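Colleague: Protein chains in written order, with the numbering used here: chain A, 800 to 1083; chain B, -18 to 528.
To be clear, the hints were calculated from the coordinates, so they are not data collected in a lab.
Since we're looking at a predicted model, the values are computed, not measured.
Built from N, CA and C at the ideal position, the CB exists for glycine as well.
There's no promise every hint is true.
As the list claims (entries may be wrong) - Short derived list, chain A residues pointing at chain B, Cβ under 8 Å:
(1) D848
(2) V850
(3) A851
(4) P853
(5) Y854
(6) L855
(7) R981
(8) P987
(9) F988
(10) P997
(11) N998
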Amino acid sequence: MTVIDHPLRARPKRRPLRDPFLLLPLLVLLAVAVMAISAPWLFPGDPLDMVAMPYLWPLDDPAFPLGTDSLGRDLTAGLFHGARATLLVGISSAALCLGFGTLIGAAAGYLGGRTDLILMRVTEIFQTMPTMLLVIVLLAISDPSLTLIVVAIGLASWPMVARLARAEFITLRHRDFVLAARALGYGPFRIVFIEILPNALPTLIVATSVLIANGILIESAVSFLNLGDANTVTWGSLIGAGRTQIRTEWYLSAIPGIAIILTVLAVNFLGDRLTRILNPRLRA
Amino acid sequence: MTLLKIENLGVRFGDHDAVAGLDLSLAKGEAVALVGESGCGKSTTALSVMRLLPPAARLRGRVLLDGTDLLSLSEPQMRRVRGNRISMIFQEPMTSLNPVHSIGAQIVEAIRQHADIDKPAARKRALELLDMVHMPDSARRIDDFPHEFSGGQRQRVMIAMAIASRPELMIADEPTTALDATIQHQILSLLDELRRELGMGLLLISHDLSVVSRWTDRAVIMHHGQHMEELAAKDLFTSGHHPYTRGLVSASLRLDRDQHYRSSRLPEIRVTRDAGDYAFSVVRRPAPVAAVPDDGIALRTHDLTVTYKTARGPVTALDGVSVAIPKGGTLGLVGESGSGKSTLARALTQLVTATSGRIELDGQDVTHPRGAALRDLRRRVQMVFQDPYASLNPRHSVGYILETPLAVHDGLGSAERAKKVRQVLDQVGLPAAAADRMPHEFSGGQRQRIGIARALVMRPSVLICDEPVSALDVSVQATILNLLSDLKAELGFSCLFISHDLAVVQFVSDRVVVMRNARVVEENDHLSIWRRPQTDYTRGLIAAASG
């Protein structure tokens, strides 16, 4: 047969871990994850138990490196256990949004026509409701628990993913490779999930990283307002509990605050870098 | 009197030389062509004359405009040259105009950029310019927006903006590549007329040898950033000495050469690189004996009509089209954009549904297949797409792309699939290692081979090729046309070959159909249709194609 004139190009070498904006967020998130996982072993008791003198400043007592609050509760234990709840809420609410939003958006974008019309009107109804208000109302009328917070945040945030997924699917469904897939006789399920979805995924993943951050922030805000689960420590509830002493024992709010800022920033940076890594064209 | 003189120009991106040691001179009022295939550095050369390259580009050498070295000018000085003494038009008239401003406003802005006149005077001048580029009904259309114009008219607007300040030099970078043959002819003759009228120099960048030989005085042939040869444009086809020029000339198809796939293969340029220097050779192969005689009809349409619903009412994309693809032969389909040829391809592959009429495959009705009948049709009728970049899913490996049809239709095991993938890769001339690669790791020609492999992996009896070579360079086009001819001889499929290029259709087809405005205008065998055209439309196409 014919000989090809261009040899196959050598593959470009990739060293994404050299990038500090990928490495640092990864380390931060790894640290948060380790905190969350190790909390029950390192701090086996209930973090809401009074264990020491109140108002111990950080580094005053080596047994309580981050100090204690007005009731003598260990802030270190609170921070570790709080990481658990915070991370759980962030990730599960984002996963819920991503799954549900992508499903609705993909169906609307790929099928078009009447399906699109109905699904998008429903999406708009949810989108017109202020996220925070929806979450607060849901929590106020029922018994607050972490699961409910997750569901409430998910319910309030999925329209963004749905609209994004729909826009991606509308442009992608007319692309030649999708036509080629149809001409090859692939079923709609395969076309949507195997041909189109991987191409839409980078956009959706960035959106998800924003959603994780958003989930963490909403949860913190809800806990700060004391609408969260009173029996679970979260970073938001730590800030909320410490807010009355902000002028004297400011570390009680500042330490969990810094933890939230770092985690949210890390998630955002990670999402940004992930799109580059996931895009095969930008790999070179 | 030399207007533009490029001396030993070099452009370097990182460690890659995009242009290396290029010399070129252009006299006042002269038309010079820069010819070469994609990636040869012709556009980079044009952009370095305009100093529009990204900052990462490192330039050396000199670019003299009337004795002034443009490369030594400061940015503000250069801005007074751009659009004023040198202007440039681009390939894509769709994207070069700003969609939110009327064309009048855009021309006025171009005028006022370099001339200190008030708006009413500039508008009067804009009207004159539109008349100069023969914009029909210019007074009424000056306030229209770019989307209200056709591709050819938009290019006229671009030209009007480019000549607004009566430049000494116009650079046209593939100005007609995106346009139909008849429109291409009009735009090139307009450029020629304006060049004579305004006495400006024209640097025409093109890959199309017929265009170059007809519309320019001299041609400079480039390859991999290097100057290969310079010769008078009229001698391009006859007295090129450089092996690369000769290779390009022999690989480009022309209507008057009567080449046909049953009797010959196109010469291919083989480029080898030895210690940094490129060596060129032209490879000619005899055609394998084509055994399949034309009996019977593989795929046929009767009065096929396709109507699309749009926001502005129904549009008829196919209007009572009856064509027949001969068994084991190729039906060529020629038409300009909007003639309905792609819709026909999509109707035959069931990507759009016929509104009325019938499609028959081997005598069976397959107009509205359902379920098993549709699956069977998918297996037997396959398609090769125009754009080798858009038609492969960028997120799947080549192996995955090729084996999935086998998994979907035949439920073959993975070892069996891998064997078939290796086999089809070999048939299209790619190494077995290609299966592990991603589409973006391949060149355009290689990607088109993958697209052909995907269509052939299920051994279809009919292959629909929708402009399969029009996005490819001349030399790559020749290799793909040869490949298709070889595969046809080897596998014996029937083919519908759609193209706007008459010479290509002449080479690959046994019979030819000409389409216009959703209808079939004319049909005949591949020689008679060009020698004895029956309609004015076909005659016009031939005139435009003969340059």
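Colleague: Determine which of the earlier numbered hints do not hold for this structure and return their numbers in increasing order.
Modeller: Violated hints: 1, 2, 3, 4, 5, 6, 8, 9; rest satisfied.
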